[in-house]
Amino acid sequence: MSEIVIKCESVYKIFGQNAKKMLEESNGNVDAKTFQERGCIVGVNNASFEVAKGEMLVVMGLSGSGKSTLLRCISRLTDATGGKIFIEGQDLLELNNKELIELRRNKMGMVFQSFALLPHKTVVENIAFPLQIKGTNTEESISRAMEMVKLVGLDGRENYFPRELSGGQQQRVGIARSLAVEPDIWFLDEPFSALDPLIRKEMQDEFLRLQEKLQKTIMFITHDFDEALKLADRIAIMKDGIIEQLDTPANIVLNPATEYVRKFTEEVPREKVLIIEDVMDALSKDNLGDLKVSKDEIIENVAEKILTQEKLVGVVDSNNNIVGSIKPSKIIDTVFGGRKNGS
Amino acid sequence: MEYLKKYPKLFQWLFLLIVFFALCFAIDVPETYKFIRGQAEFVKDPNQSVYFFLGKEVRYYAFDVFWRLPPLLGWLPIWINDSLFFLMNEWMPMEFWNEDTQEFKTRPLLLEISRNLTAFMTFLIELIREILLGGLETIVAFTSWDFIDAYPWLELPGLPWTIVAAGAAILSYKLSGKGLALFAGLTMIYISIFGQWKPSMQTLSFILVAAPLSFIFGLGLGIAAYKSKRVEKALYPILLVMQTMPQYAVLVPALVLFGVGDHAAVIITMVVAVPPMILLTILGLRAIPPEVIEAGRMSGCTNWQLMFKVLIPTARRDILIGVNQVIMVCFSMAVISAFIGAKGLGFNLLLALNQLNIGLALEAGLCISLIAILLDKMSLAWANKQTDYFGNLTFFQRNKNVIFFAASFVIGIILAYVGTFIFKGSFNYLFEIPHNKGISTADFWNKGVDWIFDTFFVYIKAFNTWLIQDVLQPMRALYLRMPAVATLVLAVGAGYLIGGIRSALVVAALTLFIALSPWWDRALVTLYMATFGVVISCLIGFTVGTLCFQNKKSAAFMLGICDIFQTFPSFVYLIPVMMLFGITDTSVLIAVIVYATIPATRYTIEGLRSVPVGLHEAATMSGVNKFQRLTKIEFPLAFPHMMLGLNQTIVFALFMVIIGAFIGTEDLGQYILKALSDKNGAGIGLTLGICVAFIGLIFDNLIRTWVEKRKKHLGIN
Numbered sequence: 000m001s002e003i004v005i006k007c008e009s010v011y012k013i014f015g016q017n018a019k020k021m022l023e024e025s026n027g028n029v030d031a032k033t034f035q036e037r038g039c040i041v042g043v044n045n046a047s048f049e050v051a052k053g054e055m056l057v058v059m060g061l062s063g064s065g066k067s068t069l070l071r072c073i074s075r076l077t078d079a080t081g082g083k084i085f086i087e088g089q090d091l092l093e094l095n096n097k098e099l100i101e102l103r104r105n106k107m108g109m110v111f112q113s114f115a116l117l118p119h120k121t122v123v124e125n126i127a128f129p130l131q132i133k134g135t136n137t138e139e140s141i142s143r144a145m146e147m148v149k150l151v152g153l154d155g156r157e158n159y160f161p162r163e164l165s166g167g168q169q170q171r172v173g174i175a176r177s178l179a180v181e182p183d184i185w186f187l188d189e190p191f192s193a194l195d196p197l198i199r200k201e202m203q204d205e206f207l208r209l210q211e212k213l214q215k216t217i218m219f220i221t222h223d224f225d226e227a228l229k230l231a232d233r234i235a236i237m238k239d240g241i242i243e244q245l246d247t248p249a250n251i252v253l254n255p256a257t258e259y260v261r262k263f264t265e266e267v268p269r270e271k272v273l274i275i276e277d278v279m280d281a282l283s284k285d286n287l288g289d290l291k292v293s294k295d296e297i298i299e300n301v302a303e304k305i306l307t308q309e310k311l312v313g314v315v316d317s318n319n320n321i322v323g324s325i326k327p328s329k330i331i332d333t334v335f336g337g338r339k340n341g342s
Numbered sequence: 000m001e002y003l004k005k006y007p008k009l010f011q012w013l014f015l016l017i018v019f020f021a022l023c024f025a026i027d028v029p030e031t032y033k034f035i036r037g038q039a040e041f042v043k044d045p046n047q048s049v050y051f052f053l054g055k056e057v058r059y060y061a062f063d064v065f066w067r068l069p070p071l072l073g074w075l076p077i078w079i080n081d082s083l084f085f086l087m088n089e090w091m092p093m094e095f096w097n098e099d100t101q102e103f104k105t106r107p108l109l110l111e112i113s114r115n116l117t118a119f120m121t122f123l124i125e126l127i128r129e130i131l132l133g134g135l136e137t138i139v140a141f142t143s144w145d146f147i148d149a150y151p152w153l154e155l156p157g158l159p160w161t162i163v164a165a166g167a168a169i170l171s172y173k174l175s176g177k178g179l180a181l182f183a184g185l186t187m188i189y190i191s192i193f194g195q196w197k198p199s200m201q202t203l204s205f206i207l208v209a210a211p212l213s214f215i216f217g218l219g220l221g222i223a224a225y226k227s228k229r230v231e232k233a234l235y236p237i238l239l240v241m242q243t244m245p246q247y248a249v250l251v252p253a254l255v256l257f258g259v260g261d262h263a264a265v266i267i268t269m270v271v272a273v274p275p276m277i278l279l280t281i282l283g284l285r286a287i288p289p290e291v292i293e294a295g296r297m298s299g300c301t302n303w304q305l306m307f308k309v310l311i312p313t314a315r316r317d318i319l320i321g322v323n324q325v326i327m328v329c330f331s332m333a334v335i336s337a338f339i340g341a342k343g344l345g346f347n348l349l350l351a352l353n354q355l356n357i358g359l360a361l362e363a364g365l366c367i368s369l370i371a372i373l374l375d376k377m378s379l380a381w382a383n384k385q386t387d388y389f390g391n392l393t394f395f396q397r398n399k400n401v402i403f404f405a406a407s408f409v410i411g412i413i414l415a416y417v418g419t420f421i422f423k424g425s426f427n428y429l430f431e432i433p434h435n436k437g438i439s440t441a442d443f444w445n446k447g448v449d450w451i452f453d454t455f456f457v458y459i460k461a462f463n464t465w466l467i468q469d470v471l472q473p474m475r476a477l478y479l480r481m482p483a484v485a486t487l488v489l490a491v492g493a494g495y496l497i498g499g500i501r502s503a504l505v506v507a508a509l510t511l512f513i514a515l516s517p518w519w520d521r522a523l524v525t526l527y528m529a530t531f532g533v534v535i536s537c538l539i540g541f542t543v544g545t546l547c548f549q550n551k552k553s554a555a556f557m558l559g560i561c562d563i564f565q566t567f568p569s570f571v572y573l574i575p576v577m578m579l580f581g582i583t584d585t586s587v588l589i590a591v592i593v594y595a596t597i598p599a600t601r602y603t604i605e606g607l608r609s610v611p612v613g614l615h616e617a618a619t620m621s622g623v624n625k626f627q628r629l630t631k632i633e634f635p636l637a638f639p640h641m642m643l644g645l646n647q648t649i650v651f652a653l654f655m656v657i658i659g660a661f662i663g664t665e666d667l668g669q670y671i672l673k674a675l676s677d678k679n680g681a682g683i684g685l686t687l688g689i690c691v692a693f694i695g696l697i698f699d700n701l702i703r704t705w706v707e708k709r710k711k712h713l714g715i716n
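Protein sequences, first through last, are from chains A and B. Residue numbers are given in numbering that gives the first Met the number 0: position 134 of the first sequence equals residue 133, and the series is strictly consecutive. Residue numbers are given in numbering that gives the first Met the number 0: position 343 of the second sequence equals residue 342, and the series is strictly consecutive.
Simulated from the structure, these hints should not be mistaken for lab results. Quick caveat: nothing in here was measured; it's all calculated off a predicted structure. Glycine residues also receive a C-beta, built at the ideal position from the N, C-alpha and C atoms. Any given hint might turn out to be false.
[As the list claims (entries may be wrong)] Cut-off 25 Å, straight-line C-alpha distance, at most; resulting in silico cross-link-like pairs (SDA-like, lysine to any residue):
| id | chain 1 | residue 1 | chain 2 | residue 2 |
| --- | --- | --- | --- | --- |
| 1 | B | K384 | A | S142 |
| 2 | A | K133 | B | F443 |
| 3 | B | K226 | A | R104 |
[To be verified] Label pairs and their in silico Cβ distance ranges:
| id | chain 1 | residue 1 | chain 2 | residue 2 | range |
| --- | --- | --- | --- | --- | --- |
| 4 | B | P236 | A | A193 | 46 to 52 Å |
| 5 | A | P196 | B | T542 | 45 to 51 Å |
| 6 | B | N400 | A | A193 | 40 to 46 Å |
| 7 | B | L614 | A | S328 | 57 to 63 Å |
| 8 | A | K212 | B | N400 | 43 to 49 Å |
| 9 | A | N28 | B | P236 | 43 to 49 Å |
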């Protein structure tokens, strides 16, 4: 695995007086109910995970699940009550104010659900804002901001005020602003939740295009499971502050760890999420037909071809070596079968 | 029984009213009772009762406790006064180095602080004043009088009015554009050729010190309160009282602490102007969405950057309203502080009003109002200014404003120099048009007033007599007829029915303070005038507001008018009414009505506007007609906001009633005015001010509590 950028070890966030003391007394065994009885609310409960460089981790959960709180712990907008957080090996909670500001100015960018643009600044001023805060001179920051304006496709609107833009356009400004300082780590807190479905899809595609180009380390928060499946390298599903399951989209769909996760996966069209590699069997030389499919192909795209075969279908990797095989009936199992027996 | 269950509140209120009236009828007016016209505490009457508290002697006319409570707080004004004098003249004597005499001198700490503050304020005012008008003081402040005697040519010459006018126009152009530039230029020219230059510039120099200082202090304290709950808790009660404290009342203690003059006026203006600024700053900062703050933090802002680059600009809307309030108060105070020796237009205005020279008063009032509107618009434009990063400008284009100003500076000086030849031996009109040497329309106005008076004398007189004899006198008598206990029961009962035990206690405390002060009768007279004003104002305001709301354009137009009227200093309202009704209660009440109608109208329009469009559509689809929509949908939903308007109306009315003392009324204001010329008046003035503030706060508490409950009930924010 490549370099680890974000690393969390047993992170807790508990709101309320005496939260710290209660956490110490509980020895890491935090029960939301007993805490609530004593006037504390558990936001994040024992979160441990790592995010590698260039990876996109999507944290999925319904409202109140603690996903935004987790993000705010990692960006240190709020201080975690317990546990350790490392950003590129640096202990985040040990940083003093000045170091924290330096870190944010150079390494982090964040996009917000309600866009959080400064109402008194124009598009280009909003985007240039993090640069000007850093001390970049006006000319340079504005010209850099103009590049970002072009990147997110808002040319011609640089002198508009946020109130004069549509929701999608405002979020483009938010994205551009968060990228202006060329951060390595990119936090996105439900960036597309406030947008209309069509705009949302457009922004998701745009976002994937950007990520293709920029290869940032990303933590992406959403309450939309489909969005998570579409974007994520790995997904963390949260409930009541606990990470229920953290895995690749395919594994989550195929092997939901808990009943809660299974409910989300039930309605997911698997043929659109899974690739051949996820469902293929081990290589068997017998009865192998002429048809070969790539292991990275999404099932939906090749299902028809495979289903017309009677023999096994070979699965090949990018170098055209056969790495596995797949029975036509397996496709039917995957699309229709899995749900019934509740695997 | 069924009705009782259906409308329990209604019956509770009815019950309260029955108790109130029963008490009123049950308690007879004592035979010895009469409204005291003189100041009881200085009349040694053998019929008076006496008690001593804290070594202070309190004299009063004793009545049955049910009728009037004894003034158990009568010692308070005297005690405040003595304490103030003690603090000022005896407390904490310390050694201070004296520059002039080159030796240490012993002085009480507060006196020394007051002297230094005075010197500092005086310096600031003189600096600006002498840039505008010329003079010696600033240079003296850096050197000495001997130095000036040695070099008599060393004197700030003052700017010719042409340069100031051009400067104002160019600045306005830079900030906003042609419209404002034209307005600024015309205003300045008007002021100059009508011979109001000198007093106007004196007032301006006062404002240019008082307004920025108030803004800075207000913003600073607002930020401190936003950051620290403890600061907020400490500030809040003071702010509340200051909001409803009549500006007159603050003048008197200031006299003791800072003496007479412009510097005292600036300090007192700050005392009055800072509280609304603080409140609006807190309000604005609190309303910022948390994500915007987080966005600022994630951009790597330091605390300082976060405050000044993110929070304050984002809260700009409310802070600007604060600036607007500051400017309003400053101009209002510019007039009122003429009572404590501030120079300028205010002084002229008061003088003219005193001489019943309506024409002159009108001219001075117009100047103040014009400058007020100009500064208000300029501050607004300044906050909304935008930078252009992409224009490819030449050197001339980028600096054209500076170049134009430099050019007009040179031209102005040349003109002034040429003027010395043209107007040889007389006044140099191109430098400064002296007071009363410009065009004056005073005669015209005075003649106009005379004409109106002669022509309509019969009708005005008839109206006046009718109003006073058939409406005001009986109303006043009714108010004075209320036994203290009945009033207390009514107030506390209303508090309990509206806000439960908490409100009842607050109202009880506030009412008791007034009842136990020596001025209960006066407070009742104040209340009667305010009630009369508020009722009429609300009737007019709600009607006008509702009518204007029917059409978008007229609504916007009306709000614009409200804006302009609000910028007028409160004293200006006295001019036209004195024109028509002379020195009577009618004059005061009409000024009250005009002044207090502004918030009533404004809040009605705003309230009706805030009704969601969706509801309009839903109503239209249910097939309601315009009138039904108004009564069934818009009024019920807009009512809470309209009640906030009522709250403002009450505060405005109280202010104007107190200011009306200048015309001559028999309420609390009269005593405040008297306290101004009384060397022991500080305590009396302050206590009277607190009484007025408490009257305002009683209604404030009741209305606010009701509005909050109602809003919760209706589910509006």
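Outcome of range test on Cβ distance (A/K212, B/N400; 43 to 49 Å): holds, 44 Å
| task | Given the hint of 46 to 52 Å, check if B/P236 and A/A193 actually sit that far apart at their C-beta atoms. | result | Violated, at about 41 Å.
Within 57 to 63 Å or not, the Cβ separation of B/L614 and A/S328? holds, 59 Å
inquiry  = With the threshold set at 25 Å, check whether the alpha-carbon distance from B/K384 to A/S142 stays at or below it.
reply    = holds, 21 Å
Are B/N400 and A/A193 spaced within 40 to 46 Å by their CB atoms?
holds, 42 Å
Next on the checklist: Check whether the Cα positions of A/K133 and B/F443 lie no farther apart than 25 Å.
Outcome noted: violated, 64 Å
Check your understanding: Is the straight-line distance between the alpha-carbon of B/K226 and that of A/R104 25 Å or less?
Key -> Holds - the C-alpha atoms of A/R104 and B/K226 are around 24 Å apart, at most 25 Å.
task = Return holds or violated for the Cβ distance of A/P196 and B/T542 against the range 45 to 51 Å.
result = holds, 48 Å
Outcome of range test on Cβ distance (A/N28, B/P236; 43 to 49 Å): Given range 43 to 49 Å: holds, Cβ gap about 47 Å.
The structure fails to meet hints 2 and 4 from the earlier list, while all remaining hints are met.
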